[in-house]
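Take the sequences, apply the hints, and build the full model.
Taken in order, these protein sequences are the chains called A and B.
Okay, so the first sequence: first residue is 1 according to the working numbering, each after it adds one.
Okay, so the second sequence: first residue is 300 according to the working numbering, each after it adds one.
The hints are simulated quantities; they were obtained by calculation from the structure and are not laboratory data.
Bear in mind the structure is a predicted one, so any value in this text is a computation, not a measurement.
Glycine included, every Cβ here is placed at the ideal spot set by N, Cα and C.
Heads up, some of the hints might be wrong.
If the Cβ cut is set under 7 Å, some of the chain B residues that face chain A in the computed set are [unchecked claim]:
no.	residue
1	A481
2	A510
3	G543
4	D552
5	R559
Not close to chain A: a few residues of chain B, all C-beta gaps over 10 Å, as computed [what the hints assert, rightly or not]:
no.	residue
6	A321
7	Q328
8	R342
9	P484
There are 2 protein chains.
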Amino acid sequence: MSLPARVRITEVGPRDGLQNEAVILSTEQKCQLIKLLIEAGIREIEVAAFVHPRWMPTMADAEAVLAAVPRGQGVRYSVLIPNLKGYQRAAPLRPDEIVVVCSASERHNQANLNRSTTESLAEFQQVVALARHDHLPVRGAIATAFWCPYEGRISVSRVCDVAEAYAAMGVQEIALADTLGAADPRHVRELVLAVRESTGLPVSLHLHNTAGLALACLVAALDIGVERFDASIGGLGGCPYCPGAAGNVATEDVVFLLERLGIQTGIDQAKLLDAARYVQMLVGHPLHSYRLVTAGTIV
Amino acid sequence: MSLPARVRITEVGPRDGLQNEAVILSTEQKCQLIKLLIEAGIREIEVAAFVHPRWMPTMADAEAVLAAVPRGQGVRYSVLIPNLKGYQRAAPLRPDEIVVVCSASERHNQANLNRSTTESLAEFQQVVALARHDHLPVRGAIATAFWCPYEGRISVSRVCDVAEAYAAMGVQEIALADTLGAADPRHVRELVLAVRESTGLPVSLHLHNTAGLALACLVAALDIGVERFDASIGGLGGCPYCPGAAGNVATEDVVFLLERLGIQTGIDQAKLLDAARYVQMLVGHPLHSYRLVTAGTIV
Numbered sequence: 001m002s003l004p005a006r007v008r009i010t011e012v013g014p015r016d017g018l019q020n021e022a023v024i025l026s027t028e029q030k031c032q033l034i035k036l037l038i039e040a041g042i043r044e045i046e047v048a049a050f051v052h053p054r055w056m057p058t059m060a061d062a063e064a065v066l067a068a069v070p071r072g073q074g075v076r077y078s079v080l081i082p083n084l085k086g087y088q089r090a091a092p093l094r095p096d097e098i099v100v101v102c103s104a105s106e107r108h109n110q111a112n113l114n115r116s117t118t119e120s121l122a123e124f125q126q127v128v129a130l131a132r133h134d135h136l137p138v139r140g141a142i143a144t145a146f147w148c149p150y151e152g153r154i155s156v157s158r159v160c161d162v163a164e165a166y167a168a169m170g171v172q173e174i175a176l177a178d179t180l181g182a183a184d185p186r187h188v189r190e191l192v193l194a195v196r197e198s199t200g201l202p203v204s205l206h207l208h209n210t211a212g213l214a215l216a217c218l219v220a221a222l223d224i225g226v227e228r229f230d231a232s233i234g235g236l237g238g239c240p241y242c243p244g245a246a247g248n249v250a251t252e253d254v255v256f257l258l259e260r261l262g263i264q265t266g267i268d269q270a271k272l273l274d275a276a277r278y279v280q281m282l283v284g285h286p287l288h289s290y291r292l293v294t295a296g297t298i299v
Numbered sequence: 300m301s302l303p304a305r306v307r308i309t310e311v312g313p314r315d316g317l318q319n320e321a322v323i324l325s326t327e328q329k330c331q332l333i334k335l336l337i338e339a340g341i342r343e344i345e346v347a348a349f350v351h352p353r354w355m356p357t358m359a360d361a362e363a364v365l366a367a368v369p370r371g372q373g374v375r376y377s378v379l380i381p382n383l384k385g386y387q388r389a390a391p392l393r394p395d396e397i398v399v400v401c402s403a404s405e406r407h408n409q410a411n412l413n414r415s416t417t418e419s420l421a422e423f424q425q426v427v428a429l430a431r432h433d434h435l436p437v438r439g440a441i442a443t444a445f446w447c448p449y450e451g452r453i454s455v456s457r458v459c460d461v462a463e464a465y466a467a468m469g470v471q472e473i474a475l476a477d478t479l480g481a482a483d484p485r486h487v488r489e490l491v492l493a494v495r496e497s498t499g500l501p502v503s504l505h506l507h508n509t510a511g512l513a514l515a516c517l518v519a520a521l522d523i524g525v526e527r528f529d530a531s532i533g534g535l536g537g538c539p540y541c542p543g544a545a546g547n548v549a550t551e552d553v554v555f556l557l558e559r560l561g562i563q564t565g566i567d568q569a570k571l572l573d574a575a576r577y578v579q580m581l582v583g584h585p586l587h588s589y590r591l592v593t594a595g596t597i598v
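Given below as C-alpha cells:
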C-alpha cells in the first residue's frame, strides 16, 4: 500500500452540503460554521455557489459569505461557478480558487445546468480565460464522472474528452465527481489514471457515499497518489438532479481514516465533530457520518 | 490492484447476526431465512452457536437448526463452538465446519467467554483434536484481533501468538475478527500478512462496520489475496461485550462491491435483498445496509 505523506481536504459543506437543504441558513450561521471548521484546522473551504438565486435560494448570499469569511489566516476559499455571470459576480470578491463544473453525462448536465455540455464548455472557455487574466486558479470539475442516474455507467473516454477540453482551456486541476455515489475502487483507479495520462494534470476526487464505497474508493485513490479530496462536514449534501444520491463523504470520516493510515491532516477531530454537531442542529435533521455516531466508541 | 478471481462469502447472520437480537426467532423462522439465503446463492452459512442457552437464549435451538437445514444442495454449514461441551452437542449433527473463537485481548475473552485466553486455548486443543478425529474442518477465529474496547489497539505479535497456538493444534484456517469494527486498511494488510507468515495458513476476515471502514478493509484484503470473508445479511450483528460495536458488514453490500470489482459471487442480489427484508421484518427494527436503502438508485 503506497500512501501520500500529505493529503489536502477541501471542505465543501458550506456549498455542496448546504445548497440542497430545505432550511436556508443565514449568512451569519454559515460564517459561524466556517469559523468552527477553521478552528478545527480545515484550510480549504468551498464556501458558496454563484448560481442564480432563483435556482438555488440557499446560495443567494454567495457574495455576502465570500465577503465575510476571515482572510489572512492561511485559509483558501473556493467557489463554484456555473457560468460567465457567476464568474462576474464572484471575481471582484477574490476567491482563492474557482471551480467550474460540467457533467460527463449529457442528460445530467441538461438537468443540472439547463444546457448541453458543449454549451457549458464553450462558456467555461471564456470563464477560464478571464480567471487566468485575473490570476485565479481554476479546478475543472466533472460531475457524473463515474455513473449517471439517467445514462448509467459513463465511459472513461467520455470523461477524458471533457477533461481534455478543460486542460486545453488552462485549468490547474481536474476534479472527478462521483455525483451519484456509485463508483467502486477499481473504477476510480482506472479513471484517475486515464485522466492523468490524457491531461497531464493533477486529479482530485469528490465522492458521495450512496453505496457505502466512498472510503474504499478514497483508499484506492490514495494508493495511486491522489492527494486532494472534497469532503463535507457531517456528510451533508446530495444533488437535486441525482435522485437517490446520498451525501458527500463526511469530512470527519475521511480525517479519521487518514489519521488511522498515518497520514497527518493537521485537523483536530474533536473540534471537527463540534462543527458537525453545530450544522446538524442548524439543518434540523440527523446527519449520516460514522464519526458522529461512533466517536465515543472508537478513538 | 490485484484481485482474486473467486471469493467465498460465509453468511453469519443466522449466528452472529441473530445472537444478540432482542427478539428470539423461532427455529422455523431461522430455517426460512436460511432457505432464502440459499435461494439467493449463498453456499456457506454459520447457522448457530453452541453456547449455553443461559448465556445466549437466542441460540438455544442450535441443535434443532442444524438438524433442520437442507442438506445435499452443496451448502456448507458451520457452527460456533465456545468450549468442549459445545463441541459435544454439535458434533453428532455433523456440521461441515466448526469455528472456535478466542480473543486476542485478555479482557475481551474474559468478558465474552468468562475465562482466560490460556484456558480457552487449552480447551480448544481438546476440541480440535476431537474434530480432527471426526474429520471436521476447524476455523480458528481470533476476536478483537485489531482493537479491543477495553485494551485498545492489539499488537500484531499478540495476534500471531494466538494464531500460532491454533496452527499447532491443526486448524485449517485462521479467521481474524475486527469485533469492534475499528480496523483500517493498512492495519488489515499488516496483520493478515503477519499471520499468514507466522502460521502458513489461509487467513479469512470477519469485519464489523462501526467506523464505516469495513468495505475499505475488505478491498485491502482482496489486494493481498484474501479469498474468504464473513458477512451478515442486512448488516445484523454486534457483540454484547464490545460496547458500541456496529453490526457485521452487510452481505448485500459485500456482494455489490465484489460484483462491481468484477469478482463473480454466484449470488443473486435481488434475492439476497429479499432475505435482508425478511429478517428486517422479523427483528422488527431497521437494519443498516447500504443496499437496503439504495438498491433502487444504484444498479
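Where does the structure disagree with the numbered hints, that is, which hint numbers, in rising order? 9
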